[in-house]
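Protein chains: 2
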Amino acid sequence: MSVKPRPRGKLVAIGGAEDKSAKAAILGRVLKLSNSETPVVGVITTASSIPDEVYPAYEEAFDALGAGEVLDVRIRERRDADDPKMVEMIRRCDVLFISGGDQMRLTSIFGASKSLEAIRSIYHEGAVIAGTSAGAACQSTTMVYGGSAIDSLRKGAVKMSAGFGLIEGVIIDTHFLERGRFSRLMEVGATNPEYLGIGLGEDAAVLFEGGIIKAFGPGHVILVDSSRITSCNVFDLSDGEAVSVHNVVMHALVEGDGYNLADRQVLSAKQLGAESLELKDAYT
Amino acid sequence: MSVKPRPRGKLVAIGGAEDKSAKAAILGRVLKLSNSETPVVGVITTASSIPDEVYPAYEEAFDALGAGEVLDVRIRERRDADDPKMVEMIRRCDVLFISGGDQMRLTSIFGASKSLEAIRSIYHEGAVIAGTSAGAACQSTTMVYGGSAIDSLRKGAVKMSAGFGLIEGVIIDTHFLERGRFSRLMEVGATNPEYLGIGLGEDAAVLFEGGIIKAFGPGHVILVDSSRITSCNVFDLSDGEAVSVHNVVMHALVEGDGYNLADRQVLSAKQLGAESLELKDAYT
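Line by line, the protein sequences give chains A and B.
Start counting the first sequence at 178; every next residue gets the next number (this note's numbering).
Start counting the second sequence at 178; every next residue gets the next number (this note's numbering).
Just chain A, same shape as in the assembly:
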């Protein structure tokens, strides 16, 4: 959209239900992306209504995967999000991981807080910010927070709000294949074709780095590109009426595939070339 200094950090969005075992493909790579032997990993469970169950599972997983230290960044209400102790914890992180739950908990509790400022600032300085499910959906400027999977291609069916703004020009949806959410991102694209829909399957992830998306993990990543839609009736409808939209382009990416956000081109593992090799180094 305009020239903006690119964050030096790395952003990872995960589709939910990622493997947390010792073989965890995605979580293991998230740690490796930090380029630290013993990264400090902070876990934010604000999105979840059961943090006492969620946190220990991640603590164990990250410990097993080689974290130097795992921090429980326990933010439950708005006042916690301005607590200097929480801000200090976030600032220490090489990797900050945002758990699943409800993305509106994240935006409503973190919006305009010192903790959110700290997240942005470590991201710009070089940290890895990763999130799964709600923790992925919240990353974009405008986010999806609801909408029936059965038929969201009806005006007003998809619920959107303002997200954390860590990545521009995309809208991220999760549990995408498992819950059949294709129609949600088709409606989103109809309302504004400029936004690339990123539908993350479970145990699938994307890395955003330097204007390129890279898919990884065992699952699928579906891209919904509405930039070339030729016509659409969404503005002629009342709420609940069926949306027509022509010429939506979709891509199903798997591990090793990439995508150039600027020119909207899929990049095969081969085309990613040197960059891909570089990634492999970081991963293994």
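Keep in mind the hints are simulated off the structure, nothing from the lab.
Ideal placement from N, C-alpha and C gives every residue a C-beta, glycine not left out.
Some hints here could point you the wrong way.
Just some of the chain A residues that point at chain B, by a computed CB distance under 7 Å [claimed, not checked]:
| id | residue |
| --- | --- |
| 1 | R251 |
| 2 | M281 |
| 3 | A289 |
| 4 | A334 |
| 5 | S338 |
| 6 | A339 |
| 7 | T368 |
| 8 | N369 |
| 9 | F412 |
Place chain B on chain A using the hints.
Showing chain B alone in chain A's frame:
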């Protein structure tokens, strides 16, 4: 949110139903902001379903107010938005005016088009971009496009989507006092307190310039600042349930008042000081 080169142009959002007579306070000022004696003014009526009525009214108004030339940038479908003639017309404009209607027509037709690229680029190079009603609502990164005025403080009642992204960190609503839309921006703020709600009354406007908002015109501008909300239940609700939100701060601005977006402080005409004088020069 991050360091971004500030556009050299000026952005004006108008609440709708602005005076179009020879005394038109707001439209007259919009032309003056161009610092051109005889500005070229382009009018985009894409949001409207009756462009043949809307365009001539603005043509007459801008002619009477001293435009050097008024251009009918007639974009009705997505293919028009990529038409080089339209792009060329937009690039000639000192002032680009976006009429009212339905903001979803604007985003759905302009999204990912060459015309939208041209609008962004003239804005960054120094042009005045102004819009009324739908033409104002579309300016932010996340926009409101619907929601009952009677009671929008219910989860999911406010309809949001991705806008043109000309201004970050705010969400603009229009016809605000006339249609009693306070509850819409209160719900928006509850979902993400980081976003300042700007509720524009009819025949009221704001100028965005250098991180400052300046109110002008005969009507009111209501600011809804949710950044200090202490608690909110929106994430605990199902769709349609009543949202609670505590400590929302509102300001009613009139002509001459300002607001600093970074520190969320109202600036009186006096506090605007030299800047205010400068504005007056530009206005008269």
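>> Checking hints one by one. Is S338(A) an interface residue toward chain B, by the C-beta closer than 7 Å rule?
In response: 4 Å, holds
> Are A289(A) and chain B close enough, Cβ to Cβ, to be under 7 Å, as the hint says?
Replying inline: 4 Å, holds
> Taking the least C-beta to C-beta distance, is R251(A) closer than 7 Å to chain B?
Replying inline: Not OK, violated: R251(A) not within 7 Å of chain B, min 16 Å.
> Hey, does the T368(A) contact hint survive, CB to chain B under 7 Å?
Replying inline: 4 Å, holds
> Hint check: is the beta carbon of M281(A) less than 7 Å from a beta carbon of chain B?
Replying inline: 4 Å, holds
>> Given A334(A) as an interface hint, is its Cβ closer than 7 Å to any Cβ of chain B?
In response: 10 Å, violated
> Per the CB criterion, is N369(A) less than 7 Å away from chain B?
Replying inline: 4 Å, holds
> Given A339(A) was flagged as interface, is its beta-carbon under 7 Å from a beta-carbon of chain B?
Replying inline: Cβ of A339(A) sits 4 Å from chain B, so the hint holds.
>> Checking hints one by one. Is F412(A) an interface residue toward chain B, by the C-beta closer than 7 Å rule?
In response: 4 Å, holds
Of the numbered hints listed earlier, those contradicted by the structure are 1, 4.
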